[in-house]
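S.K.: What follows is each chain in one-letter form.
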Amino acid sequence: MIAAGAGGAAPGAGMAQGGTVLELRDLHVRIVSRQGTVRAVDGVSFDVAAGEALGLVGESGSGKSMTLRAVLGVLPPEARVTSGEILLDGVNLVTRPQSELNRIRGRKMSMIFQEPMSALNPVMRVGWQIAEGPQVQLGFSRARAAERALELMRRVGIPDPERRFRAYPHEFSGGMRQRVMIRESGVSLVFVTHDLPVVAQICQRVAVMYGAQLVESGAVADVLLNPWHPYTRGLVRSAPDFDYVRESLVPIPGAPPSLINPPPGCRFHPRCEFAEEDCRVSETPLRLLPGGRATACLHYERCMDAAAADRAARA
Amino acid sequence: MTAADGAGPEGLLAAHGVAVYFPVGSQVMARVQGEERRLRAVDGVDLDIRPGEALALVGESGSGKSTLALALCGLRPVDAGDITLNGKVVGARRSPADRRRVQMVFQDPYSSLNPRLTVGGVLRELLRVHHVVPRGQVSAESKRLLSLVGLPEEAVGAYPRQFSGGQRQRIAIARALALRPEVLIADEPVSALDVSVQATILNLLASLRAELGLSLLLISHNLAVVRHLCDRVAVMYLGRIVEVAPTEELFSDPRHPYTRALLAAIPRLAAGAPDIGAPAITGDPPSPLQIPTGCRFRTRCPIAQPRCEQEDPELASDAQAPEHLAACHFAFEPAPPGLARAGEQA
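Those protein sequence lines, which keep their order, are chains A and B.
This note's numbering numbers the first residue of the first sequence as 171 and each following residue consecutively.
This note's numbering numbers the first residue of the second sequence as 15 and each following residue consecutively.
Incorrect hints may appear among the rest.
FRET-style restraints, in silico, Cβ to Cβ [what the hints assert, rightly or not]:
hint, chain 1, residue 1, chain 2, residue 2, range
1, B, Q319, A, D475, 52 to 62 Å
2, B, A278, A, E332, 24 to 34 Å
3, B, A278, A, R324, 24 to 34 Å
4, A, E255, B, G227, 53 to 63 Å
5, B, A154, A, E417, 27 to 37 Å
6, A, E332, B, S221, 43 to 53 Å
7, B, G164, A, G461, 34 to 44 Å
By construction, these hints were calculated from the structure, which means they are not laboratory data.
C-beta: ideal position from N, C-alpha, C; glycine also.
For reference, chain B alone in the conformation it holds in the complex:
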């Protein structure tokens, strides 16, 4: 945490020990009984999004991905830690200028658009409120945004219900881009869409990134989508980042047992896909109301040791690969028997 100005090693948008809790049940009883009555959805996350990169955030349902995204976007206050933009801490109430810099696209394009406003109405309102362009250019800018996402100019006069799912997601992307953000956060942007339409939206995201130099944080459960679109991948488990690495390195040489299990569970079109030699994990993730002591993954971990019960492993790298971080005591030790790493297999 050194750089106070400019996009230093901390990246453009970064989380430092960020936590988001949800109160559950009676807080009075919690105090009386001394029990934990808060759900730790995000529980100490360190993560940076660098200028122009596409970073994926993956993990099981309930791992805290979406909550973290909302916090990064400023749509949800954090209970601990800091979020920085260009190394500068942004407070609970972001300035309008800071809010513009991080925008979000949601999974369901059917419920995320106001049905009473025309597409042009949505875009014009945003452009005016945030003074993105001079008043006289608002109409022209709306049309430019639509053509940027591959919609015809005439779309300005239509209502969201007149569009298909894929077109609505384009509108949602145009709306996010209207504020000329530096970071676009897309939370499962294609999982509600048909396969043939998913391709058009994924291609659009890739080309927008290249054209506009956008940073992209893509939340997805689909590792094929992630491999296709992203430069780096962060793996989240029970509110914490457990591994982060450049995409190909993470997929070819996963260091955290949870990442290995995720990779082993990828549905693949071609039979006989390479076996990465990881045992599938069993059981469900523990409740975020009762996060295990020590390493939070130990209750499902095939290589857990007594030490894992005591010590919470930090997200760390080793000297050979400073870009590859993992939160496992054994991440950078020789693999134990039966858990050979992909690169070590014959």
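Excised from the complex, chain A in its bound form:
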């Protein structure tokens, strides 16, 4: 869907805690609507190291896009960051004035669409489509927006951006090569998607969102091949896997939770095959576990066992 890169800081320049470029601390975003207050992002914390690619995985309404929009400072007008911090190179973006944010955003962060063929207008030159963002959102002049677009294209490793500026979308290859180029250009990445194999290919770490909260995080190989949260396991089992053709795919039963009146306790419990009484009442914050992994599941041992059985079935 969307990928955002944060980075480009001079080495050591105000970098917080051992090379962390971007850090979210207990971020809350609320949207006031006629139906009630939507908890669009509900206490999300993660960090991204210099040069690291973090996959932020979740489905529609999980809060992943709203998290990213908060980081980029492009929330819709009715949405507000109500608490928490977004630290970019140690600077808390939440408390900075808009003018400064625009400058930081221009220099240190960018946003890329993953599916160029569906996200782009097929009859408009690519460069002007990229320039449209700075023009509309930041009020740049046409010339300055074009310059900015060229810079962004250069940053993500598109060769010969001056020529490519005038190309139409069909003259670009599919998303895969662009994603690979993103990886090679050395920026830190927050890669937002629900395509797990692509996350496995591009990212070192992954964070899984459900119901506006993080439910699991850790190294990609650990989390995707041995999930410690039933929602992550559900995602893995529902996606077709090229190396494992099954009789039928296993969808996650039920529907995502309301973010106006989320279920009490674990937000996944109404859809979870392992749910117990305590899941319906206790808060389930993300707990840090050995191996740099974290899960919000109260009974993650059961999920571990089930995932081990899944792996045995594959073999």
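With chain A held as given, fit chain B onto it using these hints.
M.R.: Structure of chain B alone, referenced to chain A:
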């Protein structure tokens, strides 16, 4: 092209040398300057869809997959070649009966449904216009269609906006099935949906095929989906089919260098997936306004020879595997060094 009646070797729905061109820019200038001013989106395709099979059509964006699908469905006229149904050529204007036999489901369930009609309204209108069932049975048939795609009967009274993406795709499938087609063409039917919902739609397509004996042409960029659902795979490059084979054979023993490159680029969940020993192709596909002479893949091909510049390779098979066709001069020769086939690796 022998069978004139019945589903002979040509299959149920088939393309014979089909081409679809789009005019680009000034046609007057084109004549004056003698340049090509047409975009050859589909450029000589031979392909057959057999009764009851699931055939995948894969290839990069811009390879002409969707245009070919529209042509096969009769939604886009062809500029050359023929499309046959049961071996009989169907003209530019299909009869209502022929139109019913091939139906299509599109990628975006949000924009492919009329927002002003209830789901029941959409289905009833179709059933009446095409006289699918007697008037008195139209309502009952609408409900039957909804239950076929796993939606409750009450859905007849609701509008498309009241449904989630996955449910809308079910409605779109019900609409396509209303006309009792023999072939369902699905163009990226799940790529706009969430992963957990994709599974339900893919399972639905698989079970409908089994229950109704439908032929399915699935257009997808996701080779995991293709491997899961399809019996055969056709690979398209720059307007032409370059390889077609039974699914497992294509994935285990690809013969066209483009297919090898596609397989090498598959994102895989498990690390350490087998390396099929193909170099990744570089560069972008050439513009369909300037298709290379000879083999259209030669400009990106790691094994191109001078011959490839002159001769356009035909889609052909060898004696050992008549079901496996490839359009490469070297498809059935021993693999050149550094390009060992999967089956030949230790």
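S.K.: Each hint: holds or not?
M.R.: Hints, one by one, checked against the model:
1. Q319/B x D475/A: 52 to 62 Å: Holds, at about 56 Å.
2. A278/B x E332/A: 24 to 34 Å: The hint (24 to 34 Å, Cβ to Cβ) holds, given that A278/B and E332/A are roughly 31 Å apart.
3. A278/B x R324/A: 24 to 34 Å: Given about 28 Å between the Cβ atoms, the range holds.
4. E255/A x G227/B: 53 to 63 Å: holds, 59 Å
5. A154/B x E417/A: 27 to 37 Å: holds, 33 Å
6. E332/A x S221/B: 43 to 53 Å: At roughly 52 Å between Cβ atoms, S221/B and E332/A fall inside 43 to 53 Å, so the hint holds.
7. G164/B x G461/A: 34 to 44 Å: Given about 40 Å between the Cβ atoms, the range holds.
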